[in-house]
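Student: Letter by letter, the chains look like this.
There are 4 protein chains.
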Amino acid sequence: MKTTTASALAPPASGPLPTTMRALVKERAGPGMSLREVPVPAYGPTDVLIRVRKAGVCGTDQHIWNWDPWAASRVHPPRIIGHEFMGTVAAVGDLVKSVAVGERVSGEGHIADGTCLLCRTGQPHICANVKVIGVDRDGCFADYIAMPESNVWKLDAAVPDVWAAIFDPFGNAVHTVSEAHVSFKSVLITGAGAIGLMAVAVAAAAGASTIVAVDPNPHKRALAKQLGAHAAFDPADPDLRRAVLKLTGDAGPDVLLEMSGSAAALESGLSLLRHGGRAALLGISAGKVTLDVSELIVLKGVTLVGIFGRKMWATWYQMEALVKDRRVDLASIISHVIPFERFEECFTTLKAHDAVKIVMDLEA
Amino acid sequence: MKTTTASALAPPASGPLPTTMRALVKERAGPGMSLREVPVPAYGPTDVLIRVRKAGVCGTDQHIWNWDPWAASRVHPPRIIGHEFMGTVAAVGDLVKSVAVGERVSGEGHIADGTCLLCRTGQPHICANVKVIGVDRDGCFADYIAMPESNVWKLDAAVPDVWAAIFDPFGNAVHTVSEAHVSFKSVLITGAGAIGLMAVAVAAAAGASTIVAVDPNPHKRALAKQLGAHAAFDPADPDLRRAVLKLTGDAGPDVLLEMSGSAAALESGLSLLRHGGRAALLGISAGKVTLDVSELIVLKGVTLVGIFGRKMWATWYQMEALVKDRRVDLASIISHVIPFERFEECFTTLKAHDAVKIVMDLEA
Amino acid sequence: MKTTTASALAPPASGPLPTTMRALVKERAGPGMSLREVPVPAYGPTDVLIRVRKAGVCGTDQHIWNWDPWAASRVHPPRIIGHEFMGTVAAVGDLVKSVAVGERVSGEGHIADGTCLLCRTGQPHICANVKVIGVDRDGCFADYIAMPESNVWKLDAAVPDVWAAIFDPFGNAVHTVSEAHVSFKSVLITGAGAIGLMAVAVAAAAGASTIVAVDPNPHKRALAKQLGAHAAFDPADPDLRRAVLKLTGDAGPDVLLEMSGSAAALESGLSLLRHGGRAALLGISAGKVTLDVSELIVLKGVTLVGIFGRKMWATWYQMEALVKDRRVDLASIISHVIPFERFEECFTTLKAHDAVKIVMDLEA
Amino acid sequence: MKTTTASALAPPASGPLPTTMRALVKERAGPGMSLREVPVPAYGPTDVLIRVRKAGVCGTDQHIWNWDPWAASRVHPPRIIGHEFMGTVAAVGDLVKSVAVGERVSGEGHIADGTCLLCRTGQPHICANVKVIGVDRDGCFADYIAMPESNVWKLDAAVPDVWAAIFDPFGNAVHTVSEAHVSFKSVLITGAGAIGLMAVAVAAAAGASTIVAVDPNPHKRALAKQLGAHAAFDPADPDLRRAVLKLTGDAGPDVLLEMSGSAAALESGLSLLRHGGRAALLGISAGKVTLDVSELIVLKGVTLVGIFGRKMWATWYQMEALVKDRRVDLASIISHVIPFERFEECFTTLKAHDAVKIVMDLEA
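Chains as they are written, first to last, in our numbering: chain A, 1 to 364; chain B, 365 to 728; chain C, 729 to 1092; chain D, 1093 to 1456.
Any given hint might turn out to be false.
List of simulated lysine-lysine pairs, DSS-like, C-alpha gap at most 25 Å [as the list claims (entries may be wrong)]: (1) C:Lys1052 x C:Lys953; (2) D:Lys1416 x B:Lys610; (3) C:Lys974 x A:Lys324; (4) A:Lys97 x D:Lys1189; (5) C:Lys1052 x A:Lys225; (6) A:Lys131 x D:Lys1189; (7) C:Lys974 x A:Lys97; (8) D:Lys1380 x C:Lys1016; (9) C:Lys859 x B:Lys461; (10) B:Lys495 x C:Lys825; (11) D:Lys1189 x B:Lys610; (12) D:Lys1223 x A:Lys97; (13) C:Lys825 x B:Lys461; (14) C:Lys825 x A:Lys246; (15) D:Lys1416 x D:Lys1246.
For the record, the hints were derived by calculation from the structure and aren't laboratory data.
Please model the entire structure based on the sequences and the hints provided.
Tutor: Laid out in structure tokens, this is it:
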């Protein structure tokens, strides 16, 4: 990839396509990223070229920025980063039928192979050969991104741009809640980061009877309560166990949503979960976890469900329905909107105490 | 419990009830058990008194014999041991309606409390307050056992006595296979002890498309193939992974049945399981397990189901149907039938290489 | 049953049990019922005697009053009528453990046989040998009713008396909604009588995304909207089809709840339901229904679920959770509370245009 | 479509593509079909052109031949008929990646729109805009057929040609059995035509505990027993009800598979089905059905599932696994293989008493 330092200009809203664009590029192994001017990506006959307008910043992006062991083993520079976005269709391949230039879209960033057992049985979200934009192929922290027509989602007019930009993590939350079957159930949510907080709001909309959140950050606990949690606790609270059991009829919560990736949260959550309960695990731990599988899973007759990505497209239909009539309000989740050129600020802010979700504005 | 050394006589098949009986008793903390003469148990108005005729010997009994840490923490001597059995109804309480003296019965050894959320929602098999016969209350290694009418199962005439004696572990196998949804699926079974071997036969009868067993014991691997496994491997076989993937269409098995309690088997099984697969865990590990939960469960979108006991009574109906017309043949699972008085031989034989399932004969 | 004309007095709140009581009795084949003084029912060692304080009046009671063909074929006079109630435990049999005198209770009026396949596999609510109080055995329109301990439900202090009196039909609504899996789904409800209206409120609490009610009665349509329906239509509205499709993304609703028993509603509902949709049928038609099964069910890949009674006790736990924190408000469903002595007024009012649910007050 | 009377020659197995081919064409409204010489179909960049070698004859084809009311309302002549087939890839469009010239394939004849809610949520088999080959677009009773790459299924070498030719109806049977959840269950199958007989064999392979078939044709009843039914009855047998209940533990079968399209069979099957049972309906009735929905579905708590087509591609994977190791043997289902030129004989034979499944041979 031939690149130069990017100019500070967003492409014009209309007119002919430029040949180059701004992009946030991981140029080589090691920490950091650079804003560069690179060629606008090519697109094939079944592809769509999208002008990116808003993009969400994710913990995964920060792992790549920091070049942690996971990033070092998975990402092959040079690579344009970013996988959460919305924008406008700038061009379409000759065989594209369902999307037209000028339409407002988001996109599923997991490009499944389309030919494996999982893809051919309605489960492309867990295709073993998935390529993730911004990780395995070029991403959306750029003025343009190209992706297959079959990965593009047309946005309902009722969905605000900044909300549409975070449909990727919102989809994680919706998919987790949906697989956990929370309707009529008491729900314990461990981890109230951006996705955990979205899960609180989604669980409330999905008919959970009682929602309890656990997070060490008091600001996020307050947000959890604002979004629908009946109570929120610090995991270090010595009264946690007693309080959760009291809120859940002494048997313990029916459902656990593990959204933190913390081994201690997983253990604590499973130990609170009632016999016969259901746990949906979205959080990713850094390494192996030491767990009393016999006591916490086998003897209690618990069901554990691993959650990856979002269903294509069941989750997207659910997201649209939830936000269209504001049964879930994403506004309080988005703590910062920052112009693309100030990308470094996104990554420093992400570490700040009260940051929840940060959206990059490529039009600002 | 006042006891004397037991006489060597089984009670008469008919006539008035004796006042004392033979019983295998854990008399005090520490290894071993003793055959003693003890009072025939009392039974209340809703209880059934059963004359035990055949009883299965389980690994749990051996843990209690050996007085391992689990036994030391759970069992309170003096206690009559044993939880797998069949016999004949010797007497019934005044309010008992569904069972009559002389009927041939087995019994569910897990006495649920009947009043908790789980019991009142059709899941007494995972009641948190369960009392297990032979562990938490007196068991069936005795001429008589008393249990609630609601725990008694009337035996179909087509079920042989020695088969009926092991409906408890057979129920573990049937419940595990049933919860794993094996019909049309490829199945990997780790651990081919008595229950693992029964699971092979049950999975075949339940419509599994391909069955692969893994066990270090060549005799048990041979039995697994005889009972319906398409292949059986030593876990130490360096070719294991390649061979299993080849047998399961390269994606890996659809279903894992973990019947060994080995942490290595759990890890290996989960690593072979295909994305989106389902794992049913019956095996109990001695302590905590260190597991890459993120890679093996979360990112693969796997579902894990903990299995305890047997469903009351869905599993029992399934067992009866499977054995009535010999779709599952338990004869090859029962390697030894040993007279009650030679109980020590049961426990030494259980450790032998080619022992699978041992039944005590209280009539011999 | 020996009876005399009932006195106008409710039994005292405490003190020794009286020997006779007031009861609304179907004395012989033919229309009408009579208030009589009859013996307080006997109760066995596993039974509970309940002093009835509030009782709901159901369409079924009116069928029995009118002595329609169903009633004539099913009810054998003399019979005390009534199956929806709450009260206080007045006495308990010797073996009763889980309920005590003075406790506030409601009861499941379907007495299952406890021994059949359905009862022994967690589905007593569809026991083929069910006996219904007020239909097959004496009911609750009386100062006292006796029923097995296993059919008694202890009431949470947060549930008002008049709400507890209608847990039977409320349970129909909750069970229907629960089996229909409405979370994240658009729902069409045909029939907005008392149970249909409760279903609207329950579907909203259970996470339905869009709720549309259909009923010819404008008062009930208005109530449906008040309780959570996004829209409510007259079935005669020529614009019905277009309007429902517009509200449900053109594909049609994901879920149909048929609560009217009208053949036309069933046909119309199924024709609106989307391909692959799920229909839960609670409404009972008077006779056979003529239906295009091929077009409406087979070719659309629809799932139909028949609903009877309420789950014991999953539905009762769900009811308690829904009303405890007022996620469902039954106050607007209960249109009239009428003293027991004015029982005739209950039946005439039930036919009135704006009556929804009528509760008899046995304490007034 | 310009056509001439077809020559009697199959195209050469290799070499350049011919420009014309033989095809069985419905030329105009009214009974009958004609063998004509027509242009080889064009194929686009994402299409595959398949040389048809074997094709199954279906009742639907006969409806079209007879020009019954359904055919008259649905089919627009001129149209090439036929939807069950196997063949060899003759050419592929420029963008086709997963299939190559010379590969042996079958194809899913239901062309879903790919863009609707159902298609985008893993249920294209019930796409409301489906186009069926041989009905809504040109079919496979021709030397060549063109279809999208995404509808092509590559055949395993272990599947015989004549079996592969009937994967379409075999898929109906497999999909029906799969949705009915027969493992560990007793199954009643009404209708033992080709698909009903396949369902018998599939239910046995899928783990059904007891299988009872009902059909008026004694030859087909005999075949049903040969394929795995424990018993087979004439629907006119006055002892039918008693006999079926005896075979299914008095409660009635757990599962009903309605494969006949007969209203009487549906009613009889539902009346035998146990409370809480599951019925999968594949058979298509000619018109409306009069049914006691209240007694047969609602009050019994029955679940009814409408079945259309086959799952893409879950059913196809299941079919391959079932036939690869001969757990299902289709040989006894295929009663006749008839050369293409003698197509009239196919339709007359189809009406014969002992015909089950007829395959046209386009290579003979």
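Student: Would you mind marking each hint as holding or not holding in the structure?
Tutor: Hint-by-hint comparison with the structure:
1. C:Lys1052 x C:Lys953: Measuring from Cα to Cα gives roughly 22 Å; hence the hint holds.
2. D:Lys1416 x B:Lys610: With Cα atoms ~14 Å apart, D:Lys1416 and B:Lys610 stay inside 25 Å; holds.
3. C:Lys974 x A:Lys324: holds, 14 Å
4. A:Lys97 x D:Lys1189: Given that 25 Å is the threshold and the Cα spacing comes to 20 Å, the pair holds.
5. C:Lys1052 x A:Lys225: holds, 19 Å
6. A:Lys131 x D:Lys1189: Holds: A:Lys131 and D:Lys1189 sit about 18 Å apart, inside 25 Å.
7. C:Lys974 x A:Lys97: holds, 24 Å
8. D:Lys1380 x C:Lys1016: Holds, at roughly 12 Å.
9. C:Lys859 x B:Lys461: Holds: C:Lys859 and B:Lys461 sit about 18 Å apart, inside 25 Å.
10. B:Lys495 x C:Lys825: At roughly 18 Å apart (the allowed maximum being 25 Å), C:Lys825 and B:Lys495 satisfy the hint.
11. D:Lys1189 x B:Lys610: holds, 24 Å
12. D:Lys1223 x A:Lys97: holds, 18 Å
13. C:Lys825 x B:Lys461: The hint holds at about 20 Å.
14. C:Lys825 x A:Lys246: holds, 24 Å
15. D:Lys1416 x D:Lys1246: Given that 25 Å is the threshold and the Cα spacing comes to 13 Å, the pair holds.
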